[in-house]
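For reference, the chains in residue letters:
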Amino acid sequence: MIFRAAEDADLIRQAARGSVEAYNLLVSRWEKRVYNYLLRITGNREDALDLTQDVFLKAYQNLRKLDDPGRFAPWLYRIAHNEAYSMFRKRRPETDVDEIEPGATGAGITVGGSAVFPIELSLAVESALGRLTPDQREAVVLKIYQGFKFEEMAEILACPVSTIKSRLYTAFDLLKTELAPIKARGVS
Amino acid sequence: MSCSPFDLRDYFLRELSGPQQRQVEAHVKTCATCREELERLGFTQAALFALRDEEIPQRIAFVSDKIFEPSPVGRWLAGFWGSAARLGFASAAMLSAAILVYALRPAVPAVVAQRAPQQIVQTVSDAEIQARVDAAVARASADWEARQAEKNKQLAADLESARKTLQWAAAELDFSQRRELRNRVLTANYGGPNENGGGK
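Chain order of the listed sequences is X and L.
Using our numbering, the letters of the first sequence map in sequence onto residues 1 to 188.
Using our numbering, the letters of the second sequence map in sequence onto residues 1 to 200.
Check the hints yourself; a few may be wrong.
[What the hints assert, rightly or not] Think about it this way: if two alpha-carbon atoms lie no more than 30 angstroms apart in a straight line, the pair counts; the simulated DSSO-like pairs of lysine-lysine are:
1) 29(L) / 176(X)
2) 165(X) / 65(X)
3) 65(X) / 32(X)
4) 176(X) / 32(X)
5) 29(L) / 165(X)
6) 90(X) / 65(X)
7) 149(X) / 165(X)
8) 32(X) / 165(X)
9) 29(L) / 149(X)
These are computed hints drawn from the structure, not numbers from a lab.
Whole structure, please, built from the sequences with the hints as guidance.
Printed below as a string of structure tokens:
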């Protein structure tokens with residue numbers, strides 16, 4: 001991981017100096033993570049794919065503004081977060097962003113309206129995540145699935161660490177309750 | 001409510017420092033309630049991990065792909081303005097070019113420029129330059145000789161004037177000496193005036 005970060009920093013420096021090849025390599029390294037982050041906060045593959053494309057294009061255009069290559073990940077996810085919420089606002093401008101739920105149905109990740117994970121646990125997790133508020137869900141995604149530290153999450157979401165912790169711990173309490181029946185049935 | 005010295009969730013999510021982490025670990029060994037809470041957190045996280053990352057359906061278009069290719073002008077401008085080093089190099093190159101142009105530009109003779117600026121030519125041959133130099137030297141030499149002749153003439157006049165002055169002074173001296181001698185002779189032969197009021 002440390003080697004990868006060091007290599008990323010080199011690639012970022014080369015890309016900032018105009019190396020398209022270096023940037024393409026960066027895209028290859030990060031596209032899956034960014035896509036899955038966007039997939040879990042939007043709940044829609046097409047949206048996640050389009051947004052991922054926009055994120056990397058915007059990152060390329062603004063790469064020279066990144067002062068510290070070591071902060072590439074939070075910086076990239078900040079762009080992804082902004083792109084996703086910008087899309088939410090465009091689609092439902094009259095609705096508070098906090099009220100938006102992924103997939104619009106709360107039934108988890110869907111393509112064309114049908115769930116794509118047949119496994120019971122996966123469905124249960126999708127359902128539980130769908131019941132969280134967008135802020136809580138994003139906190140869970142960034143912490144559990146993307147592995148960011150609280151300070152990095154605060155940078156990505158532009159809010160204090162205390163707010164991040166509050167969202168995350170509230171979400172964890174809700175998830176524990178939601179997933180308790182699964183555990184009681186012996187699925188783990 | 002947890003009785004742990006630090007928030008168990010912070011511990012579980014690895015957000016505590018090393019010493020804090022060790023304090024919680026020591027506490028959990030002796031506290032069944034906190035162990036159960038950690039197990040619930042562990043199960044929740046394990047359940048969340050059941051949702052696997054998906055492969056991206058199609059590769060993200062690279063910036064080198066045709067659809068993102070900027071126009072040649074845009075690419076040149078981006079390359080030129082995007083780099084401080086390139087700007088510095090461009091500045092240095094422009095400065096060098098200016099110095100080179102200044103150093104290699106044809107010299108304009110001052111005489112030509114003063115007398116007939118409209119007749120300034122682009123190229124001047126070596127013979128012309130030599131002729132102009134010779135003429136300027138001849139003019140300067142003639143001027144010097146004229147100034148020297150004038151000085152000599154003035155000096156000769158001054159010497160003549162001095163000679164005449166000396167001649168006049170010598171004549172005056174001679175006249176004065178002869179009058180003194182005549183007075184002595186007259187005094188000796190005819191007696192001078194009696195200083196006691198009577199003659200001999």
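Taking the hints in turn, this is what the structure says about them:
1. A threshold of 30 angstroms between alpha carbons decides the hint, and for residue 29(L) with residue 176(X) the separation of about 23 angstroms falls inside it, so the pair holds.
2. Among the hinted pairs, residue 165(X) with residue 65(X) is consistent with the structure: their alpha-carbon atoms are about 29 angstroms apart, no more than 30 angstroms.
3. A C-alpha spacing of about 24 angstroms is found between residue 65(X) and residue 32(X), which places the hinted pair at or below 30 angstroms, so the restraint holds.
4. Between residue 176(X) and residue 32(X), the direct Cα distance comes to roughly 28 angstroms. Compliance with the 30 angstroms bound is thereby established for this hinted pair.
5. The hinted pair formed by residue 29(L) and residue 165(X) meets the criterion: a straight-line CA distance of about 25 angstroms does not exceed 30 angstroms.
6. With a CA separation close to 26 angstroms, the supplied pair residue 90(X) and residue 65(X) stays within the 30 angstroms bound.
7. Straight-line distance between C-alpha atoms of residue 149(X) and residue 165(X) comes to about 11 angstroms, which keeps the hinted pair within the 30 angstroms bound.
8. Under the criterion of a C-alpha separation no larger than 30 angstroms, the hint pairing residue 32(X) with residue 165(X) is consistent with the structure, at around 26 angstroms.
9. Distance check on the hinted pair: residue 29(L) and residue 149(X) sit about 26 angstroms apart at the alpha-carbon level, within 30 angstroms; holds.
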